[in-house]
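*Asks:* Listed here are the chains, written in short residue letters.
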Amino acid sequence: MNELIRLLAYMLGIAAFLGLNLAYLGWVERKGAGHFQRRTGPKEVGPYGLLQPLADGLKLMSKQLVVPTNADRPLYMCAPILIMVPSVLLFVAIPFGEHLVPREFNFGLIMMFAFASMAGLSILIGGWGSGNKYSLIAGTRAVSQNVAYEIPMLITAINIVLITGSLDLNEIVRQQGSYIWNWNVFRLDKSILMPVSFLVFFICSLAETNRTPFDLGECEGELVAGYHTEYGGMGFGLFMMAEYANLVIGCSLTTVLFLGGWQCPFGLFPGPHWFLLKMYFLIWCFVWIRWTYPRTTFWGLLNLSWKYLIPFSLVNLLLTALFIKVF
Amino acid sequence: MSSLAQSQLRETFELNIGPQHPATHGVLRIKVVMDGEYIVRAEPILGYIHRMHEKMGENRTWNQFWPNMGRLDYLSAIAYNHCYACLVERAMGIEVPERAEYIRVITAELNRIQSHLLGFGAYIMDLGGFTPLMYAMDEREQILDLLESVTGSRLTYCYFRFGGVYNDIDDDFITGTRAFIKRFRPQIPMYHKLVTGNVILMDRLNGVGPISADLCRKYGATGPVLRGSGVNFDVRRNEPYGVYPELDFDIPVYHECDSMARYMVRMDEMVQSCRIIENALNKLPEGPVMAEKVPKALKPPKGDFHFAVEAARGTFSMRTVSDGTNTSYRMRLRSPTYSNVSLFEEASRGMLLSDALAFLGSLDPVIPEMDR
Amino acid sequence: MSGYFKEIITGLKSLAIGLQITNKEFFTKPITLQYPHESVKMTPRYRGHIELVKDPQTGTHRCIACGMCEKGCPTGCITVQAEKREGVKGKVLTAYILNFTTCSLCGQCVENCKPEAINFSNEYNLASTRREDYIFNLLQKLHPEGVPEPEIDPELLKKEREKKEAAKKEPAKKAAAKEGGESKAEEKS
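Protein chains in written order, with my numbering: chain X, 893 to 1219; chain U, 403 to 774; chain B, 1072 to 1260.
Worth flagging that the hints you see were computed from the coordinates, not collected in a lab. Don't be surprised by glycine CBs; every beta carbon is placed ideally from N, CA and C. Any given hint could be a false lead.
[To be verified] Quick look at which bits of chain B chain X covers, simulated, 3 or more residues with Cβ under 8 Å:
1. 1079–1093
2. 1101–1108
[Stated by the list, open to error] When the alpha-carbon atoms are kept at most 30 Å apart in a straight line, the in silico DSS-like pairs for lysine-lysine are as follows:
3. B:Lys1185 with U:Lys695
4. U:Lys698 with B:Lys1095
5. B:Lys1100 with U:Lys595
6. U:Lys584 with B:Lys1240
7. U:Lys595 with X:Lys1199
8. X:Lys951 with X:Lys935
9. X:Lys1199 with X:Lys1217
10. U:Lys698 with B:Lys1100
11. X:Lys935 with B:Lys1095
12. X:Lys1199 with B:Lys1084
13. B:Lys1142 with U:Lys457
14. B:Lys1142 with U:Lys701
Can you build the whole structure from these sequences, using the hints too?
*Replies:* Here it is as structure tokens:
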């Protein structure tokens, strides 16, 4: 019975946390974009435009759902749901604090990767089901992009697994001590390439979440709006929300694997606040990057993956294995 | 070119880029036959906002044709004003006061900077970077304010008159222009740091969309497109008009023939335009801005007249045949984008879709001018 | 191989420079002008729609209804309506209609106007969903409370009346002359 109440409480908590994030990350992004561009961003709806997400949501929800004639109706309808479900599901395994984990799995990391790769599939379904050539091109692009970037991401994650000897996310955080030099980014005693490894992982999570400069699935200059060209109203809203949910997941995972999760950088009061601080900092970096760089091309993206990220992560894997064996 | 694009037997599909598409900057439609992500054939289809400006020129009196000049290339309208004014002045043999000539050059060059700024911003936006557009808009707004204070309008200028300009510039405009140039000069290195030096952008532009000088000649491409292909041709130098021969400036030429070269020509032209404006402001003489004795009802003598200017996108020229009445017998406008975009079909064969759109953006098309 | 690493390092450097620039911009003040709350000061030369100029001496417009603006307009968006009134020199303007939907703000009308009766207004806050809202009667705009009647010159009135009376008598004479002429023609045939 206690367990049931605990689960219910977590469910509500996750829903609230997710809802707040999905609504307000959009606001953060628009506000950030505004200030990066010498503008102010939203400011009319509510103080500092804080009610803007509400207005946007109401507008999206009040719109008519139109299914294009050429669309494959069942696929078209289920794609936005399919992209949303795994993103929400993944919050189950994230350790927000030492004792603040919805469910402690001993294979959390694997679950993360397994569900995260569903996003690519649902983008393809959406692109295919729309019956639009632009969407189709975008869908195929997104899939090959996800495939190309999951490889270095996984190899980098294996590093961490080698170092900690565990797939449990909370255990990974626990093993990174309570000082900054004990975090996996700076664990030069395990492999001197750890900072590079962090960078590789960071770039991969950018690509995995389809954010600029890797937003080839959307690519408004070429493919109109990419895989969600034909979606309107809440269908589009779900795609947008899933993007932010994936953003939160990606940044959480980076925080957990490399930045010591809920650990404090100088050994004081570890807890969820540190986790959130680090996660939001990473999200802010994502926003910052989005409003600075132009988009890469498709071949540029694959080049980056196969010429730089994969070799680096492989070398790092070898080095880590060597260090662990020798020392 | 990939082997994929060369084989005609493989399955292809058609893609309509435009007439409503974010990359086409208006209502240009490109019918593309694609093989996967490769372009087999791209055919630009024009005419979505054709307004028959040439025919209008034959129906209206010479004075009544003025507002049309602001509505061809809405981004560098003053250059078009310049061409029309000079054309009729050449036909009528009207002498323009020197001060008016200087004012014409100053406003035209301000307009050129403004046009290139927007071209730069919109181009980077095509490539996915939104922020530089806003910075460029900020600078552009300053120019529009300056031009508004003297011409009265912000975009579709109708400022020049036969024999001079509509009204004189004042001291506010002169100090404002000097202040703007002082403020704008350091911005260009900032753009280069933020955009040109960016490794992602360099990857996208270097070697993309090569156009040889021969191809440019074949299609009559001019302006930054031609100068990016290593041909040093600029009407301001080769066939000087106004007071350009008295001013000090360079023509930027790049020999790489790719999108980056065309982009760089535009960026360097902004610096040169700053130079021209400063130079012209220093030499600005006193005097009237309208020629005396310009008849209200113009009737140019019989004959065939032609005039060309360097607009922001290339050579704009007008040819008119006058039969001695108050309207022209034939009017022909040669607009630069029309020729520049014509070479898209040949040059884009076998390109990747994203490269082709980067290439199209580097031609900097303005659709109303192309359709006329 | 060294080229490979050099490429990475220069690439990363260029990316870092970009981030630096946007970061700097983030902390500068936004330049946005919050339009409905504040607005730009219009320059005196701004070309809004045309308007009739109020002459400070007479307190009304200077239009003589010559129709030069109408003639010079490329799009034919101006209609000048005037009538002849007794005792008033020249024509009296009854309506000056500007169809702003087709006006291209070229300024030909302002230039053509000899008595400088029209000029550009500074109005730019024009928005409506109805086309009819853009067909302005400039005379009404100048005198929203009612157009003042033109002053009647008594001497001119007198002269005109005399002329009219003379004209009234004239047709009778003419008719008589005509009748005579016709009868002559009949005789000839």
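*Asks:* For every hint, state whether the structure bears it out.
*Replies:* Tested hints:
no., hint, in the structure
1, 1079–1093, "holds (count 6)"
2, 1101–1108, "holds (count 4)"
3, B:Lys1185 with U:Lys695, "16 Å, holds"
4, U:Lys698 with B:Lys1095, "56 Å, violated"
5, B:Lys1100 with U:Lys595, "21 Å, holds"
6, U:Lys584 with B:Lys1240, "80 Å, violated"
7, U:Lys595 with X:Lys1199, "26 Å, holds"
8, X:Lys951 with X:Lys935, "17 Å, holds"
9, X:Lys1199 with X:Lys1217, "28 Å, holds"
10, U:Lys698 with B:Lys1100, "51 Å, violated"
11, X:Lys935 with B:Lys1095, "22 Å, holds"
12, X:Lys1199 with B:Lys1084, "19 Å, holds"
13, B:Lys1142 with U:Lys457, "20 Å, holds"
14, B:Lys1142 with U:Lys701, "16 Å, holds"
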